[in-house]
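Novice: Make one complex out of these two single chains by using the hints.
So you can see what is in the structure, the chains are spelled out below.
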Amino acid sequence: MNWKSRLLLAPAFGVFTLFFVAPVIYFFVLSFWRVRLYKLSPDFSWVNYAKALERYVPIYQLTFSVALAVALTCVMLGMLYAGFVRFKAGRWSVVLLFIPLMTLFGGYLVKIYAWKTILGINGILNGALLSTGLIDEPMTALFYSPLAVAITLVYFLLPFAILPIYASMRGIEDIELDAARDLGAGPLRRFSDIIVPRCRAGIVSAFIICFLLTVGDYVTPILVGGKISMIGNMITPQFGQKFDWPLGAAMSFVTLAISVGFVAAFSILISFWRPR
Amino acid sequence: MTDNNNKSGLFVTRSFVSRRNMMKGMAAGTVGLALSGAMARAQSNTSINMVCWQGYDDAFKVGSFLADNNLEINPTYIGSNDEILTKITAGGRGSIDIVTPYMGYVPLMVAADMLESIDEAGVPNLANVLPVFRNDPNIMVDGKLYAAPFTWGAAPMLYDPAHFGDAIPTSWRDLEKPELEGKFGFSDDPIGNITIAAIVATDAEVATELTEAQLKEAIDYLIMLKGKARLVATSWGELADAMARGEIVATFSGWETMKKFVADKGKQVEFTYPKEGTFAWLDNVCIVKDAPNLEANLKMANHVLSIESQRMVGEEMLQGIVSQAAIDALTPEAAALYPYENMEAFGANATFFPFPPLEDRDGLASIGRWNEEYERFKSA
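Quick mapping for you: the protein sequence lines, in order, are chains L and H. Using the working numbering, read the first sequence as starting at 1 and increasing by one per residue. Using the working numbering, read the second sequence as starting at 1001 and increasing by one per residue.
Just chain H, with the same shape it has in the complex (with noise of 0.2 Å):
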């Protein structure tokens, strides 16, 4: 009998397939998957949308912490400052967590309601921040803090030594030397450009404020270098990959990681301050209103104050940071690189401007006129 019923399989198959054996595998297959599913999202980790630089996402990577918290970092990186703004705005609130932008972007950011205040309670490590960082006047509105200060630069002049030799710049006006043209490269970073052009060709006394008549002298001056250079780069990573090729052997503006990123790429450049000087910035991280993770963003603001990732943004990225703990870790090269002892002197080479003013006023150029002032270069 036994061999008379099971003497075919596709007896045994047929009679497995029925409706109702269907239906009832159906089903059982839906609650399982249902059930492993929520197995799955019990075990996930939680996703920290960023929006940030190229490499900031690292900082917050550095040790077990992520793992330690359940965290995963989702990043979006920019080519400019402004991205930040147009991605909240353009249906970000509500899905984006951290942003870092220059300090001089967050009193917008503020009237234009994007940030949530940081409760300092929730960033012990703030307390290790250097005051001349903590106190910056535009991360505080209405005596409520929006930005937690992790790393700090200066727009230096990029340029391969193997093509100056000993003779390296030291003037932005190297850059309109007969010899040098077609071989230097822009980013194309608006305030950043008119800020250090405004600094050569203006005899404005603070280069982010200037009147209609030095920001058009600015422009032009950026226009008349445009016409001797090679490159207008989207990104710093473009401009580092022009630089690695040998396209192009100075820039006008620049990055300190880019040393690193061109090094990647296997070719050495060097980084100065010329003598006219250039303008410092200071990278936040900043909470986006509504963000959908505010204790995780509270611990991750902490955490890129811990002198494991300040170190990290230090020695690796070869950027400033900020927590003296994290500075007394240092290495002796990557202390070298920036005169942590005596900020003074390195504001005689780069200044930390005000943002340009929001509106009209005083005779001086909104950031409005900037922009499209700007336009006025990319059109050229």
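In isolation and in its complexed conformation, chain L is listed as follows (with noise of 0.2 Å):
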């Protein structure tokens, strides 16, 4: 790289540092202070992370429970789309794909709000069941539960879900699945040996996008969520309540490398992925 592609790169960088890596730098060292009568001051103390990892042991078990169900049931959900666009879908492939595409139109809270008047107790889909007598009365579990987070997630995130993995699919050729049934390879086969292992890019990328983005929401769990906490939800406080920088970095560092773990856990697995 020559001085003037260096020079070009500069604001790049720059930027990326200022906004970035110096703020978690900053964050990281505060991790370590203690706040004493809505003052920041300086210390060296594992206490906040000693906290972090003490008090809440549960929030992080229902997070990232909740975030590797959704990761998991877009990447599914993703695969199944995209495979049916890619390959049987002909020339609606450009309309189907763009179906996806256009709920990013609307803004993320209309999607929150928009499932509040389907999953609620006098939503449409609790009236519809009702009406039709499959019930007899509301079922408040569809709304103010973890599972309502997880629809709303899931339709929130999968177009991030489809979009990687329709991209990975368009490098596989129709040949080579001719060329696979040809040679007697069913329909689980071909997907097994030719589809999974071509789109492993996309699959992983899929994950990470959906995991991370469900790991860090806060606002669904307060819409949807009812009773339930998240670990965003519990962080978020520590810096517009209670003044707690230090506790809400350490939570946010401890967060970001469970977080790692999962995300390295799920591409090593997805690694092991070979054809028969």
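Source of the hints: derived by calculation from the structure; they are not laboratory data. By construction, the Cβ of each residue, glycine as well, lies at the ideal position given by its N, Cα and C atoms. Hints may be right or wrong, so weigh each one.
Said to hold, decoys possible - If you want the ones that stay clear, here's a sample from chain H, every Cβ over 12 Å from chain L, calculated:
#1 Ile1078
#2 Gly1079
#3 Thr1089
#4 Ala1111
#5 Met1140
#6 Leu1145
#7 Ile1199
#8 Arg1230
#9 Asp1241
#10 Phe1271
#11 Asp1290
#12 Ala1350
#13 Gly1368
What the hints assert, rightly or not - Derived EDC-like pairs (lysine to aspartate or glutamate); straight-line CA-CA distance at most 16 Å:
#14 Lys1226(H) x Glu1181(H)
#15 Lys1144(H) x Asp1160(H)
#16 Lys116(L) x Glu1209(H)
#17 Lys116(L) x Glu1083(H)
#18 Lys1299(H) x Asp1113(H)
#19 Lys88(L) x Asp174(L)
#20 Lys1216(H) x Glu1316(H)
#21 Lys1144(H) x Glu1120(H)
#22 Lys51(L) x Glu1372(H)
#23 Lys1260(H) x Asp1174(H)
#24 Lys1378(H) x Asp174(L)
#25 Lys39(L) x Glu1083(H)
#26 Lys1267(H) x Glu1238(H)
#27 Lys1228(H) x Glu1181(H)
#28 Lys1226(H) x Asp1174(H)
#29 Lys1144(H) x Asp1119(H)
#30 Lys1289(H) x Asp1058(H)
#31 Lys51(L) x Glu1373(H)
#32 Lys39(L) x Asp1113(H)
#33 Lys1061(H) x Glu1308(H)
#34 Lys1299(H) x Asp1174(H)
Specialist: So this is what it looks like as structure tokens:
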């Protein structure tokens, strides 16, 4: 790389350093500090990490369970949809690909409020089930529950799973699948031995996007989660209400470390997927 | 000749857009923009940054006060009083003018050097404030006034009369009944929730002065109740929304103004003060240290204590008011909401508790410990 190229990269590097690297370093340092009467006090203590790991174990369990469920559901549904668009839809593929993209045009909050009107006790779903006589009284488990959080997030994140998987599938030539079929491979074998290995990058990308966005989300649990809290709901007040930035920072880094662990584990697992 | 000179529009355009003309035009434009900006600034209103509960800013907008003084309010709504402290600490000093904390927070905020003392001469309407509020020990620190009390109330239980019929709830413990399981909600208000839990489930004489054991009992009670609840809302508005949509039929703790929030969404709910009692609160206008518009802030504190503003708070927001002159002018319906004639009767159901200790002392848990224990409730 010559000096001109480096010079051209300098602004991007500067912005990245100033707005991403520097804040991360600042909050990492802060995570060892203390707060006394609404004032930050420099220190070097692990007490915030100890608190983060002791107090919030059930919250971490719930958060990562929901994130795993949402990410895996999005990946599976994304595979199905992208596969249909790529291999079966023919001339309708452009239209079918545009449909999930259209859902991205609506605002995030609009989607959450839409699910409020669908899943609520007087919502569309309960109304339909009551009117058909399938239930006698409204189902409360549909709303203000982890299920409601998962449904809302799957709906929101599915396009982010479909797009990278579809992009990977575009690299698979029809002739490869035809050749496999001619050699006697059934649909499952073709899926397992050709499609999945060739889409590995797209699958991992989809998983990472859906998993991390779910872990960090704190608005959906507030609006449809009822009495459940995810880790974002516990970190936000440390910054917004309690002014315990060091604890909030420590909780964030613990969350980050666990998330990296999950992502690494998924990437390793998927790398073991080999054609038979 | 004239025809020749102007025969082509292109010629005219080219000759005008010479470099010299362009420079002249840009210079003239810059001067014009600068002048128009200066004139606009001269005519624009002073923006008052206020951190308050949703709806409190309306009390300052009553009448023509803001227009008369070329003021406009830029409100930031809070979900808990703690947010006021954080917003001031996290860069708000020097930009935030007014905050409206609960009286218990005032000594803490003074100790943290967050508040400007109030020049009483600049708030003549303070003279109309009932002595019980004007002399609240929380708002005077070292002989200086730091808060102008303007509204008060208690934490009631809100309930849906369509669900309860004649058997309206009378006790906080009614929420433990199996028939209400999954049908009531909390607001995420640490001090309020712990205080009511302490009233109901502990033997503490003062519900905000708890030993470690009593604090643990209160939190255990809240966790038990959370197991039966449907919702822990992050704001009063969200709790009101859940009531309006029929998701819940009762609340643990509440705010009288929620009745209006729910009514605005087309549903009628009522509130009651359960027999075990509840906490009362007194909210105040406070001026933040280094506030950019000190003189205007004093005028605003005075305005919110005027008869017209106080009547709006009492009649439309359904909150208690502090000005005797305004109480005398209330409609009979609004006056009947609170025992203005006999505050002792109100005290039988709702108590103005002191703030929890700022530090552990005499075996009592500090506010820091309250917040730590409350995290156990949130995590449960």
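Novice: Now look at each hint and say whether the structure bears it out.
Specialist: Hint-by-hint comparison with the structure:
no., hint, result
1, Ile1078, "violated, 9 Å"
2, Gly1079, "violated, 7 Å"
3, Thr1089, "violated, 5 Å"
4, Ala1111, "violated, 7 Å"
5, Met1140, "holds, 20 Å"
6, Leu1145, "holds, 22 Å"
7, Ile1199, "holds, 22 Å"
8, Arg1230, "violated, 5 Å"
9, Asp1241, "violated, 9 Å"
10, Phe1271, "holds, 22 Å"
11, Asp1290, "holds, 16 Å"
12, Ala1350, "holds, 25 Å"
13, Gly1368, "violated, 9 Å"
14, Lys1226(H) x Glu1181(H), "holds, 10 Å"
15, Lys1144(H) x Asp1160(H), "violated, 44 Å"
16, Lys116(L) x Glu1209(H), "violated, 40 Å"
17, Lys116(L) x Glu1083(H), "violated, 27 Å"
18, Lys1299(H) x Asp1113(H), "violated, 22 Å"
19, Lys88(L) x Asp174(L), "holds, 11 Å"
20, Lys1216(H) x Glu1316(H), "violated, 39 Å"
21, Lys1144(H) x Glu1120(H), "holds, 10 Å"
22, Lys51(L) x Glu1372(H), "holds, 10 Å"
23, Lys1260(H) x Asp1174(H), "violated, 24 Å"
24, Lys1378(H) x Asp174(L), "violated, 53 Å"
25, Lys39(L) x Glu1083(H), "holds, 15 Å"
26, Lys1267(H) x Glu1238(H), "holds, 15 Å"
27, Lys1228(H) x Glu1181(H), "holds, 5 Å"
28, Lys1226(H) x Asp1174(H), "holds, 14 Å"
29, Lys1144(H) x Asp1119(H), "holds, 9 Å"
30, Lys1289(H) x Asp1058(H), "violated, 23 Å"
31, Lys51(L) x Glu1373(H), "holds, 12 Å"
32, Lys39(L) x Asp1113(H), "holds, 11 Å"
33, Lys1061(H) x Glu1308(H), "holds, 10 Å"
34, Lys1299(H) x Asp1174(H), "violated, 46 Å"
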